[in-house]
Structures are given as structure tokens and as C-alpha cells.
Amino acid sequence: MMSHYLLELVLWMLLAFFIGCIFGYLARLMFSDAQAEVVEPVAVAPAKVAHVAAPIAPRTVESAAPAGKKERPKGISSARGGKADKLQRISGVGPKNEKVLHNLGFFHFDQIAQWTPEEIEWVDDHLKFNGRIKREEWTRQCKLLAAGKEEEFSKLFGTGGMKSKAGKTQSGTRTKR
Amino acid sequence: MNELFNFNDTWIVVEQNWWLVLLSLALGVWVGWVTCSRERSSAQG
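Those sequence lines, one after another, are chains A and C.
Counting from 65, one number per residue, gives the positions in the first sequence under this note's numbering.
Counting from 1415, one number per residue, gives the positions in the second sequence under this note's numbering.
Please keep in mind that the hints were generated in silico from the structure rather than gathered at the bench.
Careful: at least some of the hints might be erroneous.
Derived Cβ-Cβ restraints for the label pairs, each shown as a range [as the list claims (entries may be wrong)]:
(1) Val1445/C - Met66/A: 24 to 30 Å
(2) Asp1423/C - Lys133/A: 55 to 61 Å
(3) Glu1429/C - Arg136/A: 48 to 54 Å
(4) Lys150/A - Leu1434/C: 52 to 58 Å
(5) Lys133/A - Glu1429/C: 48 to 54 Å
(6) Ala1440/C - Ala211/A: 49 to 55 Å
(7) Glu214/A - Leu1441/C: 52 to 58 Å
The beta-carbon is built from N, C-alpha and C at its ideal position, and this holds for glycine as well.
Please take these sequences and the hints and turn them into a complete structure.
Listed below in C-alpha cells is the structure:
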């Protein structure tokens, strides 16, 4: 019977599809877990970590990196002096991204401010941001925040998690570009 | 009494159309992979 044959075929195809879905989902999970292990924060000797923000070398980080050249930026195992900067002040960074950055070993504005184009490429690719870091000028924002140029930062990128007059915290609201 | 389900009979269907079943499996793997990727990227916020 033809209809019976077709029904059986469709059932087998559905079964194969569902098995494939589960397999694909698990494979993706395993793949990303393996990737996460590779990018564990690099431990830095405490003596090397100064509490004071390191001077920021003038780099043209916004310029494009050569295609395909990616380099993992070096993170630290924990925040200097046990106190991390409020990375949510960066326009484009929310609580989830802040956690992700902490997991990668970035706790301070000066760390992000010193990312090279290759390092930006790596982080962007790793977090699948599709160019968000460059687009939102994270390094420029961090340079200003690390240097304490609050006024200039507010002018360019908004309040950046500062308390407004009403007393409410505004996370990285951009006012003017 | 007629047998309701005979595995050997139904397996012939797979053997004759193995490429369709394989295609479904591949499609399923792709859908599962993409679903997981999207969930993860939205969770990263």
C-alpha cells in the first residue's frame, strides 16, 4: 500500500530529524564548553598587578585590524585590590556582558582601553558580537573612563551608569555621538 | 492476527530511501546547532 509506505517514510524522516536536532544541540553545547575552557582567565602574578591604573599608551585601536589576525588579550585572574570597575558604564555593556568580561579576565577600564585591533577582533569573534566593540567604541569609552574624563564621556556616550538627578542608575545611555 | 508493526518491513523503507533519512538527520543537526547558538547569543545579551 503506497500511503502506508509514505507514512512510514515520513515517520522515519521525522525520527531522524529529531535525533539530528538533539545531536546538533548537544554538539553545539559541547563545542562552546570546550571553547570556554580554552579562554579561562590568564593568571597574573599579584606583584605584577599594580592597583593604580596603568598609563594608557596612545594607540589607534579604532582602526581596522588586518583581516584574519586575532589575538587573545591577556586578562587577570581577579580584580586589582578586589574591586572591579563598573564595566556596565560602558555603553553597550549590560550585566550579562559584564559577567562575560569578568570571566575573560577583564575587570578594569584601563584593561579594555589597551586592547589592540587584533585583540578587539578576538574578543568580538569570541563573543560573536559582530563588530559591536568597534561600533560602540568600547576602547575609546574605556580610555575616557580610565582617565577620569567624566564630562567628556558623558558628552559623547551619555551617563554611562552614573546616577541621574532623580537618583536612578542609568546604564550606558547614549545621548550624543 | 495481523502484526501491527514489523521492524523488518519498515526498515526496507529506510534502506530504499536512506538519502532522504540522512538528509533529515543533517537538517535536524543544523536546526539543533542553530537553535543552541541563538539561545547562547541572546543569553549573552
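Do the hints match the structure? See the list:
{"no.": "1", "hint": "Val1445/C - Met66/A: 24 to 30 Å", "verdict": "29 Å, holds"}
{"no.": "2", "hint": "Asp1423/C - Lys133/A: 55 to 61 Å", "verdict": "59 Å, holds"}
{"no.": "3", "hint": "Glu1429/C - Arg136/A: 48 to 54 Å", "verdict": "49 Å, holds"}
{"no.": "4", "hint": "Lys150/A - Leu1434/C: 52 to 58 Å", "verdict": "55 Å, holds"}
{"no.": "5", "hint": "Lys133/A - Glu1429/C: 48 to 54 Å", "verdict": "50 Å, holds"}
{"no.": "6", "hint": "Ala1440/C - Ala211/A: 49 to 55 Å", "verdict": "53 Å, holds"}
{"no.": "7", "hint": "Glu214/A - Leu1441/C: 52 to 58 Å", "verdict": "53 Å, holds"}
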